[in-house]
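Protein chains in written order, with the numbering used here: chain A, 100 to 230; chain B, 8 to 86.
Read the hints as simulated data drawn from the structure, not as lab findings.
On a predicted model such as this, the values are computed, not experimentally measured, just so you know.
Don't be surprised by glycine CBs; every beta carbon is placed ideally from N, CA and C.
Just so you know, not all the hints are guaranteed correct.
[What the hints assert, rightly or not] Quick look at which bits of chain B chain A covers, simulated, 3 or more residues with Cβ under 8 Å:
id	segment
1	10-17
2	44-52
3	60-73
[Said to hold, decoys possible] Derived contacts from chain A toward chain B, CB cut-off under 8 Å, selection only:
id	residue
4	126
5	167
6	185
7	201
8	203
[Unchecked claim] Calculated pairs, BS3-like style, for lysine-lysine (alpha carbon to alpha carbon, straight line, at most 27 Å):
id	chain 1	residue 1	chain 2	residue 2
9	A	137	B	30
10	B	86	A	224
11	B	86	B	30
12	A	137	A	224
13	A	137	B	86
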Amino acid sequence: MIYSFWIQILEHVNYIGAACLFVVGLYTVVTHNNFIKKIIGINIMETSVFLLFVSIGFVHGASPPVLTLGDTGGPFVNPLPSALILTGIVVGVSITVYGLSMVIQIHQLYGTIELDEILDTEESKDDSPHA
Amino acid sequence: MQVLNFILVVFLVICALAAGHTKDLLSAVVIFASYSLVMAVLWLLLQSPDVALTEAAMGAGVTTIMFIAVISRTSRMEK
Chain A
100 MIYSFWIQIL EHVNYIGAAC LFVVGLYTVV THNNFIKKII GINIMETSVF LLFVSIGFVH
160 GASPPVLTLG DTGGPFVNPL PSALILTGIV VGVSITVYGL SMVIQIHQLY GTIELDEILD
220 TEESKDDSPH A
Chain B
8 MQVLNFILVV FLVICALAAG HTKDLLSAVV IFASYSLVMA VLWLLLQSPD VALTEAAMGA
68 GVTTIMFIAV ISRTSRMEK
């Protein structure tokens, strides 16, 4: 009974790992003030979702969905999640590079890439008497 | 194969924790590059070689270069 429980855990380790990675990425995004750390956290979150999708399409003992010479037509893994995730990786890279370009703009504007320092600057601007 | 899969997933979680924990942004980016490479091996283990190729080229290559370019323009250490 206990043994089969651990076998189940080992067979579904990708789902557990995807959930753990999503939580770790979310923690990195929420608790860090540095923008580059936040972007790394977003990347970890998106790769965890990709891992979940491709693990759902996986079939035990199957081959990749590629035709070869002398093919037996044996079981293939589901090609639909792979095709979707291929697009998702490219979209993720474009999101990352867009965020990094905004980080450069923020650094030119404020001289820092820490969120709390930027908020302090903005608050001191608001508090200063200008009337 | 199941055991290798388990080891790779544990390595991924440790890499993600370490990338969040370190104060040096450059080492965080290098840890993230190793995370992407191990993720590419995991795609290969999950029988999707096209995703593995894209992950190795995009995740470990292009993203790392972009991060290093931005760190060289801004500051290396996190406060």
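Status of each hint after checking the structure:
Three residues within the 8 Å Cβ limit are the bar, and the segment 10-17 of chain B against chain A gives 5, so the coverage statement holds. Only residues whose C-beta sits within less than 8 Å of a C-beta in chain A count toward coverage, and the segment 44-52 of chain B has 3 of them, enough to reach three; the restraint holds. Check on the segment 60-73 of chain B: 7 of its residues sit with their Cβ under 8 Å from a Cβ of chain A, so the three-residue criterion for coverage holds. Nearest Cβ of chain B to the Cβ of residue 126 of chain A: about 7 Å, under the 8 Å cut. The hint holds.
Evaluation of the residue 167 of chain A hint against chain B yields a violated restraint, the C-beta minimum of about 13 Å exceeding 8 Å. Here the hint on residue 185 of chain A is kept, as its CB sits about 6 Å from the closest CB of chain B, short of 8 Å. Against a cut-off of 8 Å between C-beta atoms, the interface hint on residue 201 of chain A is violated, since the closest Cβ of chain B lies about 10 Å away. Hint status for residue 203 of chain A relative to chain B: holds, with the closest Cβ pair at about 6 Å, below 8 Å.
Annotation: proposed proximity of residue 137 of chain A to residue 30 of chain B holds, straight-line Cα distance about 13 Å (limit 27 Å). About 22 Å separates the Cα atoms of residue 86 of chain B and residue 224 of chain A, which keeps this hinted pair within 27 Å; it holds. Between residue 86 of chain B and residue 30 of chain B, the direct Cα distance comes to roughly 8 Å. Compliance with the 27 Å bound is thereby established for this hinted pair. Straight-line distance between C-alpha atoms of residue 137 of chain A and residue 224 of chain A comes to about 25 Å, which keeps the hinted pair within the 27 Å bound.
A C-alpha spacing of about 14 Å is found between residue 137 of chain A and residue 86 of chain B, which places the hinted pair at or below 27 Å, so the restraint holds.
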